[in-house]
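With these hints in hand, go ahead and build the complete structure from the sequences.
Protein chains: 2
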Amino acid sequence: MKRLRAEVEKKDGEFKISHLPVHICSYNNFPTAAGLASSASGFAALVASLAALYKLPVSPSQLSLIARQGSGSACRSLFGGFVAWEMGTKADGTDSYAVEVAPREHWPDMHALICVVSDDKKGTSSTSGMQRTVETSPLLQHRIKEVVPQRMNAISEAIKGRDFDAFARITMADSNQFHAVCLDTEPPIFYMNDVSRAIIALIVEYNRLSLEAGGKRKAAYTYDAGPNAVIYAPKENMKEIVQLILAYFPQKEAFKDVNAVFGGEAAKAAVPTGFNEAVAKQFEVGAVKSLIHTRVGDGPRVLGEDETLLRPDGLPKTLA
Amino acid sequence: MKRLRAEVEKKDGEFKISHLPVHICSYNNFPTAAGLASSASGFAALVASLAALYKLPVSPSQLSLIARQGSGSACRSLFGGFVAWEMGTKADGTDSYAVEVAPREHWPDMHALICVVSDDKKGTSSTSGMQRTVETSPLLQHRIKEVVPQRMNAISEAIKGRDFDAFARITMADSNQFHAVCLDTEPPIFYMNDVSRAIIALIVEYNRLSLEAGGKRKAAYTYDAGPNAVIYAPKENMKEIVQLILAYFPQKEAFKDVNAVFGGEAAKAAVPTGFNEAVAKQFEVGAVKSLIHTRVGDGPRVLGEDETLLRPDGLPKTLA
Numbered sequence: 001m002k003r004l005r006a007e008v009e010k011k012d013g014e015f016k017i018s019h020l021p022v023h024i025c026s027y028n029n030f031p032t033a034a035g036l037a038s039s040a041s042g043f044a045a046l047v048a049s050l051a052a053l054y055k056l057p058v059s060p061s062q063l064s065l066i067a068r069q070g071s072g073s074a075c076r077s078l079f080g081g082f083v084a085w086e087m088g089t090k091a092d093g094t095d096s097y098a099v100e101v102a103p104r105e106h107w108p109d110m111h112a113l114i115c116v117v118s119d120d121k122k123g124t125s126s127t128s129g130m131q132r133t134v135e136t137s138p139l140l141q142h143r144i145k146e147v148v149p150q151r152m153n154a155i156s157e158a159i160k161g162r163d164f165d166a167f168a169r170i171t172m173a174d175s176n177q178f179h180a181v182c183l184d185t186e187p188p189i190f191y192m193n194d195v196s197r198a199i200i201a202l203i204v205e206y207n208r209l210s211l212e213a214g215g216k217r218k219a220a221y222t223y224d225a226g227p228n229a230v231i232y233a234p235k236e237n238m239k240e241i242v243q244l245i246l247a248y249f250p251q252k253e254a255f256k257d258v259n260a261v262f263g264g265e266a267a268k269a270a271v272p273t274g275f276n277e278a279v280a281k282q283f284e285v286g287a288v289k290s291l292i293h294t295r296v297g298d299g300p301r302v303l304g305e306d307e308t309l310l311r312p313d314g315l316p317k318t319l320a
Numbered sequence: 001m002k003r004l005r006a007e008v009e010k011k012d013g014e015f016k017i018s019h020l021p022v023h024i025c026s027y028n029n030f031p032t033a034a035g036l037a038s039s040a041s042g043f044a045a046l047v048a049s050l051a052a053l054y055k056l057p058v059s060p061s062q063l064s065l066i067a068r069q070g071s072g073s074a075c076r077s078l079f080g081g082f083v084a085w086e087m088g089t090k091a092d093g094t095d096s097y098a099v100e101v102a103p104r105e106h107w108p109d110m111h112a113l114i115c116v117v118s119d120d121k122k123g124t125s126s127t128s129g130m131q132r133t134v135e136t137s138p139l140l141q142h143r144i145k146e147v148v149p150q151r152m153n154a155i156s157e158a159i160k161g162r163d164f165d166a167f168a169r170i171t172m173a174d175s176n177q178f179h180a181v182c183l184d185t186e187p188p189i190f191y192m193n194d195v196s197r198a199i200i201a202l203i204v205e206y207n208r209l210s211l212e213a214g215g216k217r218k219a220a221y222t223y224d225a226g227p228n229a230v231i232y233a234p235k236e237n238m239k240e241i242v243q244l245i246l247a248y249f250p251q252k253e254a255f256k257d258v259n260a261v262f263g264g265e266a267a268k269a270a271v272p273t274g275f276n277e278a279v280a281k282q283f284e285v286g287a288v289k290s291l292i293h294t295r296v297g298d299g300p301r302v303l304g305e306d307e308t309l310l311r312p313d314g315l316p317k318t319l320a
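Sequence order for the protein chains is F and X.
Going letter by letter, the first sequence gives residues 1 to 320 in the numbering used here.
Going letter by letter, the second sequence gives residues 1 to 320 in the numbering used here.
FYI, nobody ran anything at the bench for these hints, they're computed from the structure.
What you are looking at is a predicted structure, and each value in this text was computed from that prediction instead of being measured.
Be a bit skeptical, because a hint or two may be false.
[As the list claims (entries may be wrong)] Among the chain X residues that face chain F by a calculated CB cut under 7 Å, a handful are:
| hint | residue |
| --- | --- |
| 1 | Gln177 |
| 2 | Ala180 |
| 3 | Leu183 |
| 4 | Asp194 |
For glycine and all other residues, C-beta sits at the position ideal for the given N, C-alpha and C.
Have a look at this one:
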C-alpha cells in the first residue's frame, strides 16, 4: 500500500494521520476455521477499515486485490450482493479481483440456510489445501481452463435473470467439482463428511420430487472448505427445507426464525409428501450443531463511534 | 456366443452336448454388492465354466470380451496374477478386453488386506454409477484421454519391475481420481464414507513416517465402487498394518492370520513409533466389520466332481 499511502500524504491537511500508528481490534461473530469464510470477512473488514480511515481514493475492486492476499475469498467480501471473483490472466495475479454481478436488492427472494456441521478432525486450511491441489491434481487445470469460465458466465446470467433453477444446477455441480479436485490432490483432501453427504442426498431427493412433478429445482447445496452446508433457496421453500433438515438432524436449541417463515409458530420436523426417506438415516442430536437462516447481505460498513471495539485510551474493551 | 457354438457343434462327436440344456448353480463366498467385485468373480466363473464345458477354442482375452458384458471388471477375473483391462478404441467396445501383465508367481511378496466397511446407505451399483458419470461428469473425458493411458503404462512397468513405491503412488492417485469423477457426477456419487476416509488418513500417515525417514511408501489404499478399503503392501509390512488397523478399528472376532505374519501369536493393536495418532479418531467395534488378509490369486479353475454344487439329479445341493 506504499503508493496509496504516498497519495494520501499529499492530501493530508492539518496533521498527517498516515504517520500515526493504529490500534486494530477485530471481532468476528462467525465460527473460525470452519470453512465458513471467517478469514474472508476478517480480511475484508481490515482492508475496508484502513481504506476508510485513510480515505483512500480506490474502488472496492481495487481494494479486493489487497484483501485477496490475506485470504483469497476476502476479495469477494468487499462488496454486498452477488459478487464474482475474476480469475484474471496475469501470472502475478494483479488482474484477479472481485466485481459486483448484482446488488443485494436485485434478488431479495434468495435465502440461505447454513448448516453448521460437527467435525472430529482438524481440517486443512483452504489456502494451503488449494496450493497442494494446484501442485498435484491432474484434473485441476482442465477444470480451470474448460469448465469454470463457462460456468462463471452461465451463473452470472442466471443471477441477472433471477433464474433459480439454473443457479441451483450450476451451484451444485461446481461445489461437487471443487471437492472432486480436492480428492484428486496428493494426499487427498476431504472437506465433506458423512453428515455433509447426507444433506446432499436430502437436497437431491427434494429436487427430484419437484422435477418429476414437472417443476424446477427448489434448493441448492454448496460446500466451501469445510463440512458445513449452505443451502440456497427462494424464501417460499425455506419452511419446507428447515422442516426437512430438522427431521434428519434433531437440534438442541429451537430454530431461530429470524426471517419469519414459520409465522410465529415453532419450527417442527416434517418431510414432504412423496419424499423417499431412505436416502439418509436420521442422525444424533449435534451432528448438525446449529442452523443459521440468512439472506444476501451488504458489504463492509463504517459503524458509529458507539459501536467501537476500543476504549477511549485505544485499548480493546474486551480481550479474547 | 452363437458363432462359437456353431464352431463347437462341428467338433461335437458322439452326441451334441451343445444342444443339451445346462443347470447352472453359482456360489460366491464374497460379500455381494459391497464393491468387492463379487459380480466380477461371478460372471468370470460363469463364462469360464461354459467355455470349459463346451471346450471353446478361445483365449482368456477373448472370453474377457464376453464376461465384460455382465460386469465390466469381470473381464479381468478371467486371469490370475496382475491383469490390465485395455480400454480399446472402437465405439462398440470389441477391442476392450483384459490382458495379463504378469503371472501371480512374478511378485509373490504382494499382499492385500481387505477392510470390509459397514455402510448405512444402499449404494449405487458400479455399472449404473459409471453410466451416469459418463453422461454428466465434465472431468471424466479429460481423465480418460490424458491421465489413464499414462498411468496404465507406468503401473505396468512398476509391476514388471516389482517397484512397490511407484505401484503405491499410482494406485492411490488413481483411486482418488476415480472417486473424484464420481463426485463430479450429477447427482454426485459417494462410495467412500467417514470410515474409508479414516483408513486413507492412516495409510497417508504411515507412508509419511517412512518417506520422512528417507524410505519409500510401505502401503497403498484403493477403493472400488464401495466403502471397503483394499490395502496393498509387501508381506513384511503386513504385521504393522494389521496392528494399526486394529488400533483404530477394534474387531469383534480375532484376526485370522492365514498368512502367518504374527508367528503364532494373537494379533494385537499397535501404532508405529512416531505415528501422529490424531490423523483419525478411534471408531466403535463394527465400523470395520472384518479383515481379510489375502494375496494375488490365480484365475478360474475347473474343480473336481466331488466339489460340484449340484446333486446327481442336477438340482442344487443347497438352495439359498
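Hints, verified against the model:
1. Gln177: holds (5 Å)
2. Ala180: holds (4 Å)
3. Leu183: Holds, about 4 Å.
4. Asp194: Status holds, d = 5 Å.
The structure shown violates none of the earlier numbered hints.
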